[in-house]
Amino acid sequence: MKLFAALLSHYRRHPLQLLALAAMMVVASALWTGVSHLTSQARASLGQSERAVAERAQVERVDGMPVTVADFVALRRAGHCVMPWLEVERPASTGRVVGIDPLAAACFGQPAESYRGWDQPLNGESFLDIREAKNLAAAGDGARATLSLLLSGPPGQPALPEAYRRAPFSLGPDTGELGESFLLNLDALGVLVLLITALLLRSVHQLGLAQRRDSFALLHRFGVPEPAVRRALVIEIVLLAAVCVVPGVALGRLLAGGLGSGFGQALESLFDVPLFAGQGSSWLTPVLTMMAVVLAVCLADQLHFSGRQVIRRLAGQGYRVTLLTLVAGLALAFVSSSLALTFVAIALVFAGAGVLAPGLISELARRCGRASAAPLTRWQCAEIGVLARRLALPLVALQFALAMVLAVQALVTVFEATFDDWLSQRLAADYFIEVPAGADSLAAADWLETQSPLAGSGRWHRVVRGRAILPAVDGWPGQTVDLFALGPVSNMLGTWRLQAAIDAPWEAFSRGQGIMVNEQLARRRQLSVGDSLTLALAGERWTAPVLAVYPDYGRPAGEVLIHAAQLPAGFRPDGESFAISPDTADLDAVTSGLKRVWQTETLSLRDNGRIRALADSVFEQTFLLTRSMTVLTLILAAMALLIMGWVFFTTRVWYYRLLAVWGMGPREVAGQLVRLSVTLTMSIAVLALPLGIWLTWALVHRVNPQAFGWSLPMAVYPEFWFELAGLSLIIGLSIAALMRRQLRQPAAMPVSASGLSGGER
Amino acid sequence: MRSRRIVAALLLLVAGCSEPPEQAGFAGLAESGQSPATVPFLQPEPGDRLTFPEDFGPHPQHRIEWWYLTANLETSGGEPLGLQWTQFRQTLEPRPPTQAPPPPSRWPLQAAWKAHGAVSWTGQHRFAEKLARGDVGHAGATAEPFEVWLDDWQLTSEGGSDAWRLQVSAADWSYDLSLRVQGEPVAHGEAGFSAKSASGEGSMYFSLVDIAIEGTVTVDGQTLSVRGKGWFDREWSSQLLKAGQQGWDWFALHLDSGDKLMAFRLREGEGGFVSGTWIPAAGEPVALGPGDLMLTPGSLRGDMPTRWRLQVPDYGVDLSVKAPPGDYRNRGQFPYWESPVSVTGSHSGEGYMELTGYGGE
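Order-wise, the sequence lines are chains W and V.
Counting from 1, one number per residue, gives the positions in the first sequence under this note's numbering.
Counting from 1, one number per residue, gives the positions in the second sequence under this note's numbering.
If you are wondering where the hints come from, they were derived from the structure by calculation, not from laboratory data.
Treat the numbers as computed from the prediction; the structure is a model and nothing was measured.
Possibly wrong hints are sitting among the right ones.
Computed Cβ-Cβ distance ranges for the label pairs, DEER-style [unchecked claim]:
no., chain 1, residue 1, chain 2, residue 2, range
1, W, G79, V, S320, 39 to 45 Å
2, V, A171, W, E434, 32 to 38 Å
3, W, A159, V, T296, 24 to 30 Å
4, W, S338, V, A171, 40 to 46 Å
C-beta: ideal position from N, C-alpha, C; glycine also.
I would like the entire structure built from these sequences, with the hints used as guidance.
Structure below.
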């Protein structure tokens, strides 16, 4: 007990150190818990939603007439769980609303669960009780109402009455695997945050230990055996972790709760997944994880684990091993064909870069000192070297945090730009009009071709979707791919961004001289522009050259694009529609004409402008949140460096006072401090730059294609580098400002002669 | 009265798509505020009379009403089987009965419906709940021909006022029963006005107490032939409970002597308001007031008093009533206890018991 009291007396003399360690544990636990809590909630919600979406369907009348209240009543009385969904399209200034009947929705799933699920949108702006929605539609003002009947339960159970059939029901653009991609990015972010927090914790703890070496030596001289001191230190850190991790986890859950509403909104709008609070919200996992991390990083020196010797041996090999690790990681990232190997490669590169960075700064400082004859410059360089070595861990943490922020920023910006382009090309038309089941799309195409001002305007095209078979050829196994047929080639297709193409690809396409493939198929079959691809359509084989490769985000399926005129007569499409930008044409006249051609009372019309606006706002929210989380990490790293820098500089106050002894004025001493701290933080920012750019490349060109089959274009954003450089500058200046205050107080002697506690010269 | 009232309030809650109203009594049944609409709610009062067959149909100017059937059946193997079917109607916007509702195409929301179904067999209790908005067509009630339905659950008259058919189907159980109504409706309280407190709250309440039932009940794919007797209640009001009344204990008993007894207690603080009807095998029903009837709870099962002593000294009735082993809580949005009971003591018999407003629900 006396030993314990003697050990703890250090913190009584240096409460700031205890506070720094405890604060770091709390904040690190909070940050990681926040990120992991949101991710697990999102994953649970996504899973739940996927199960629900898998069964989402609507009921259509076999006679093609629109469904009515009478159909709803007939189906409910026949025991089918259907609920009305009344979409009311209003002029742009007022927007769309959806009317639902929450009472009818009660049969969707378990009552309590379904009620909670439907309760959320009801509080939103665009969902109303169906009576209110109907009243809005009836009020006129150009509003248009469409009733759908959503059907619960798996197909065929129970069988619908003969007059009805089941049909898929979509609430918005199909985001496919974008949800998983989003979560994978969050997972990666969580791992990086964990790594950074581990480094920060270790650095603060190591500093504390270094400053207590003299106390340990004293205890040893008094006859306390080393194992006893070690045991006491283990108990101390376990107690501290127990006290700090739980509030940290609680704080993290609060953080997640604060971000949760915006995050949930983004998740719901983007992936149609409401974020259900309380899901994936176990306390045990984050507490145990953070306890394990805290104990592992703080007690690594206390425990005689064999890896430590290996690391020491490796470290003894110097930069050769580190360089080898870095090069191996870089090479592995290039050649790896699996996601796991790519993550190993990223880990190797980070490990190599992390070990190299402080050493590199130190080495450069040493060389700089040798090259100069001026004593002050030599002192400055030597001091930079010492600082780089002694503040290695927080510096590396800052480097990682800067690299991560840089990569996430680039990734998010690229995501935004790319999806913007992609949405533009896929939603180039103002409206999609679905061809009703059994209706003749060719007759409609002929009719549209005769309608002024649409005729010859290039403002519409027919879209056919179905399946094609790629027969087994040249060692490739046979496979089924999605078929996408367009025709005539409209002006809207000119906005498509192609990844690779022959000259004037759309002209050749419109002449039927070839096909286009999506990126996924091109990667899978190693297809390039000019290669030939054999297709089997409706039993007929057809070989055509690849004219272009187009990006196709958010889903893994391979896809072939052919001209609609080349579809064989026996081809059975899964769905057909018309993409139309009426421009000066009257949309109502077009839809009325198509209704006449198809002899139907109802048309499914999708307003792409609305979908586009929704997607835009949702991406904005999502990316804002991702950025917020990375910036929080950066702030944590900066604060850690600030604390470390301050504490560490304090131990060197005596040496800085010697500057005054050498004849420098207070302003000159302060200037020296600014030079030291800013050089240090700016150096680490410079070293973070290549790591960040490389990480961006690895995420965009390796992780995403391997995980999802599609890649994003690579881009760098130098203006953001300057923002980060500015942040590093602020951190450096802050450390110098803190030191300047410290120098005003007397410090007659160096606080320790130990090399680890800042006494290195 | 009964828990039936319960659900209706909840329907309002869901249908209103708004913040739940502050609870007034159990399930909001002590709510007394007027609707914002210009048409006021009607509140039953002494002197009101029953009208047949109209009163089998809905009362759109009253806040709450229900159609309630409980049955004590026996399988062909001699096992007792209890059964409940209830349909609740909650008026959200009152209108005179003579006025037609808005057309279904407007998706009106002047009323909300709820249905409860339950089967109690071999100690197991299966329960299901359904919701619907009124006046659209998939839920409703008519007096002539008598029909009450919500989705595919329905009670319909078949070829005459005394032959009914009840069909209810849930995920893992269902029943399809033929009902033969015997005897005239029994008006409770004062010619149908059943007081629920000394200060005047009450409802219109009548029962059909002698219903012969046979048919099939299917549980987990096993179809059972059943037969037995049922008890059907109709009740409506605009303010059933007095503020401060926490819930009620209700009994409908078939005694082997051919006599029937309906009794209830509305709990308020340590005491409460007790009322009932003694229906002799021969002769006119007799309304029982607070001085005529004693309801004493016995041992608890969890928070539920599942054993009772019922006494009507004037008629030599001293009954011990108990629920069979099992948990008979209907776990809907407003949970309550609804179980068959066996009767011993001065008379033997069987019946149903409903307990609402207990903490453990």
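Check your understanding: Which numbered hints turn out to be false for this structure?
Key -> 3
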